[in-house]
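Starting from the given sequences, assemble the full structure and let the hints guide the process.
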Amino acid sequence: MLKTFIIDGDKGGVGKSMAARALIHHYLARDDSTRPKIVVIDADCSNPDVCGTGGIRVGSGIIQASLVDLSTEDGWIDFGTLVGRFSEIGKNIDLRIVVNMPAQIGTRAFDGSIPIVNEVLREANAIPVWMLSRTHESIRALEYRLENMGPRYQYGVAIKNLFFGQTDKFGIWEASPLHQKLVVEGEWLGAELPELNDQLAVKIGRTPFHEVLSTGIDGKPLEFGYRLALNSWLQKAGAAMARVEEVEVA
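First residue of the sequence shown: 1, per my numbering; consecutive thereafter.
No lab work stands behind these hints, which were simulated from the structure alone. Hints may be right or wrong, so weigh each one.
Cross-link-like lysine to any residue pairs, in silico, SDA-like; alpha carbons within 25 Å at most [stated by the list, open to error]:
#1 LYS3 x ASP32
#2 LYS236 x GLY61
#3 LYS11 x VAL68
#4 LYS236 x LEU213
#5 LYS11 x GLY52
#6 LYS169 x LYS181
#7 LYS3 x THR34
#8 LYS181 x HIS136
#9 LYS37 x HIS210
#10 LYS236 x GLY216
Next up, the structure:
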C-alpha cells in the first residue's frame, strides 16, 4: 500500500526537514520484514537539507531520493508522474513517500492556482504532517490549508516541535478552535518532536541518521557521548513518527 506524508508547516525553521529525516530513519530502523520501501522527495530546492549534498540518497531501503520543485505546475506534474509509478508498485508492497515541503509554499501551491495539486495528493494517498511552532502564524497557515484544500486535510498529524519549548508552552495551539476541531473532535492525531542537542545537530549536518550510526561523519565515528544522545533522541522521535504511521488513508 502507498502512503505519502507531506511534511509541512509553511514557515521556515519549524522543523520540517528534521521531522522528514526522523520519519525516514523510523522506517529504516525497522527489521526487513516490516520495513516499507521508501521514496524521498525534497521540495525545498533553495535549502535542500534532506536530499541535498551530503543528505539522503538511494540505498538501505530508499528506492528514490529526488529534488522536485513543488512551487510550480511543472514540478507537480513531475511529482504526479512519480506518484503514478509508485502507486502501481504500492499495489503489491508497502511503500512510503516522504515529502519535505519548503517554506511559504501555501501561497505558491495550496491556494488553488495549480489545479493538479488536489488530484496528485489524492492519488498519492497524501497525509499532512504539520509542524507546529508556538505562534498564531503556525495556526493561521494550517487554517489556510483547510480553507483551500479541505478534503485533503480531513485527517493528519499535528506535531509540536519541542525546540520551541516544552509541551505546556503550546497553549495557543491547545486553546485554539482549530485544535478542538482537528484533534479533539476530528481525525487528526497529535505528537511531539523532541529537541535535538544544538552541538549534535551541527555535527551531523545533513548526514542521514542511519549513516551517522553506521559509518560516522566524514569517515569518523561519532563520539560516544554524542552517539548516546543521538540514540536517545531517535528513540523519542520514533514515538512521534509511529503516530504518523498510525494515520489511515481514507
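Checked hints:
no. : hint            : verdict
1   : LYS3 x ASP32    : holds, 18 Å
2   : LYS236 x GLY61  : holds, 22 Å
3   : LYS11 x VAL68   : holds, 19 Å
4   : LYS236 x LEU213 : holds, 16 Å
5   : LYS11 x GLY52   : holds, 20 Å
6   : LYS169 x LYS181 : holds, 20 Å
7   : LYS3 x THR34    : holds, 15 Å
8   : LYS181 x HIS136 : holds, 16 Å
9   : LYS37 x HIS210  : holds, 15 Å
10  : LYS236 x GLY216 : holds, 21 Å
When the structure is compared with the earlier hints, no violation turns up for any of them.
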